[in-house]
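K.L.:
Sequence:
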Amino acid sequence: LHSLRNRHQTMYKVAKALIEEQREFLLYGNSHLKPLRLRDIANVTGLHESTVSRITNGKYAQMEHGVIELKKFFSKGMDGEDGNISTRHIKQLIQEVIAAEPVSKPYSDEKIVGLLKGQGVDLARRTVAKYREELKIPTMSMRRRIKG
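Mind the numbering: the sequence shown is residues 18 to 165 in this note's numbering, read in order.
Hints listed in this document are in silico derivations from the structure and should not be mistaken for laboratory results. Since the model is a prediction, treat every value here as computed from it, not as a measurement. Misleading hints may appear alongside valid ones.
With a Cα cut of at most 25 angstroms, we get these calculated BS3-like pairs of lysine-lysine [said to hold, decoys possible]:
1) Lys153 to Lys164
2) Lys128 to Lys164
3) Lys128 to Lys147
4) Lys122 to Lys93
5) Lys147 to Lys164
6) Lys108 to Lys122
7) Lys164 to Lys88
8) Lys51 to Lys89
9) Lys134 to Lys108
10) Lys88 to Lys122
11) Lys134 to Lys51
12) Lys108 to Lys164
13) Lys93 to Lys33
14) Lys93 to Lys108
15) Lys89 to Lys33
16) Lys108 to Lys51
17) Lys76 to Lys89
18) Lys147 to Lys134
19) Lys51 to Lys147
20) Lys153 to Lys122
21) Lys134 to Lys76
22) Lys51 to Lys76
23) Lys122 to Lys134
24) Lys33 to Lys76
25) Lys108 to Lys30
26) Lys88 to Lys108
27) Lys51 to Lys33
28) Lys88 to Lys33
29) Lys88 to Lys76
30) Lys30 to Lys89
Build out the structure end to end from the sequences listed, making use of the hints.
P.N.:
Shown next as structure tokens:
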């Protein structure tokens with residue numbers, strides 16, 4: 018019973034820290050997900066990183082917007098004009114840019130870099146290509162063939 022109580026308290030402590038750190042994400046969605054590492058939550062809770070990893074692995078929380086895996090609260094990030102931006106948000110921006118491109122003339126990765134730079138996100142062309150591939154979005158020439 019003592020071990021179960023201890024595990025429950027540890028899970029509560031981690032979940033509470035995640036909610037406090039990612040409050041905007043919970044209120045407004047993916048575009049407000051802040052970069053967050055296991056180390057950040059470990060420092061806040063006083064637990065070891067491996068403990069935080071074990072506690073969040075395969076665990077879910079019921080939220081207003083549905084069920085969310087606790088691992089989703091963690092995201093790598095990079096610096097932008099407005100501070101840190103999560104890679105998940107950057108991927109969402111890439112999807113939005115490609116969804117809004119002209120059907121007859123899809124954007125190149127270089128053009129996407131320029132459009133994102135106008136939004137305060139400075140990326141290398143290789144990074145855009147990598148994220149585009151991770152999102153399973155075809156190259157410019159493939160999109161032209163598919164849409165054209």
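K.L.:
So, for every hint listed, does it hold in this structure?
P.N.:
Hint check:
Using a Cα cut-off of 25 angstroms, the hinted pair lysine 153 and lysine 164 holds, with the two alpha carbons roughly 16 angstroms apart. For the hint pairing lysine 128 with lysine 164, the CA-to-CA distance comes to about 18 angstroms; that is within 25 angstroms, so the pair holds. This hinted pair checks out: lysine 128 and lysine 147 have alpha carbons roughly 15 angstroms apart, not beyond 25 angstroms. Straight-line distance between C-alpha atoms of lysine 122 and lysine 93 comes to about 32 angstroms, which puts the hinted pair past the 25 angstroms bound.
Pair hint lysine 147 plus lysine 164 holds up; C-alpha atoms about 22 angstroms apart against a cutoff of 25 angstroms. About 21 angstroms separates the Cα atoms of lysine 108 and lysine 122, which keeps this hinted pair within 25 angstroms; it holds. Of the pairs offered as hints, the one joining lysine 164 and lysine 88 is violated, with about 36 angstroms between alpha carbons and a cut-off of 25 angstroms exceeded. With a CA separation close to 11 angstroms, the supplied pair lysine 51 and lysine 89 stays within the 25 angstroms bound.
For the hint pairing lysine 134 with lysine 108, the CA-to-CA distance comes to about 14 angstroms; that is within 25 angstroms, so the pair holds. Among the hinted pairs, lysine 88 with lysine 122 is inconsistent with the structure: their alpha-carbon atoms are about 38 angstroms apart, more than 25 angstroms. Using a Cα cut-off of 25 angstroms, the hinted pair lysine 134 and lysine 51 holds, with the two alpha carbons roughly 19 angstroms apart. Distance restraint check for lysine 108 and lysine 164: the Cα-Cα separation of roughly 21 angstroms lies within the 25 angstroms cut-off, and the hinted pair is therefore satisfied.
At most 25 angstroms may separate the alpha-carbon atoms for a hinted pair to count; lysine 93 and lysine 33 meet this at roughly 20 angstroms. Between lysine 93 and lysine 108 the CA atoms are separated by roughly 12 angstroms; this keeps the pair inside 25 angstroms, and the hint holds. At roughly 15 angstroms between alpha-carbon atoms, lysine 89 and lysine 33 fall within 25 angstroms of each other, so this suggested pair holds. Straight-line distance between C-alpha atoms of lysine 108 and lysine 51 comes to about 14 angstroms, which keeps the hinted pair within the 25 angstroms bound.
Only pairs whose Cα atoms come within 25 angstroms are accepted, and lysine 76 paired with lysine 89 is accepted, the gap being roughly 10 angstroms. For a cut-off of 25 angstroms, the pair hint linking lysine 147 to lysine 134 stands: about 17 angstroms separates their Cα positions. With a CA separation close to 21 angstroms, the supplied pair lysine 51 and lysine 147 stays within the 25 angstroms bound. A threshold of 25 angstroms between alpha carbons decides the hint, and for lysine 153 with lysine 122 the separation of about 19 angstroms falls inside it, so the pair holds.
Restraint check for lysine 134 and lysine 76: the C-alpha separation of about 36 angstroms exceeds 25 angstroms, so the hint is violated. The hinted pair formed by lysine 51 and lysine 76 meets the criterion: a straight-line CA distance of about 20 angstroms does not exceed 25 angstroms. As the CA atoms of lysine 122 and lysine 134 are separated by approximately 20 angstroms, the hinted pair is consistent with the 25 angstroms bound. For the given pair, lysine 33 sits about 14 angstroms from lysine 76 by alpha-carbon distance, which is consistent with the 25 angstroms threshold.
For the given pair, lysine 108 sits about 30 angstroms from lysine 30 by alpha-carbon distance, which is inconsistent with the 25 angstroms threshold. For the hint pairing lysine 88 with lysine 108, the CA-to-CA distance comes to about 17 angstroms; that is within 25 angstroms, so the pair holds. Distance hint between lysine 51 and lysine 33 is fulfilled; the C-alpha atoms sit about 16 angstroms from each other, no more than 25 angstroms. Between the alpha carbons of lysine 88 and lysine 33 the distance comes to roughly 14 angstroms, so the proposed pair stays at or under 25 angstroms and holds.
Between lysine 88 and lysine 76 the alpha-carbon distance is near 8 angstroms, which keeps this suggested pair within the 25 angstroms criterion. Of the supplied pair hints, the one linking lysine 30 and lysine 89 holds, its CA atoms being roughly 17 angstroms apart against a limit of 25 angstroms.
In this structure, the earlier hints numbered 4, 7, 10, 21 and 25 are contradicted, and the remaining ones agree with it.
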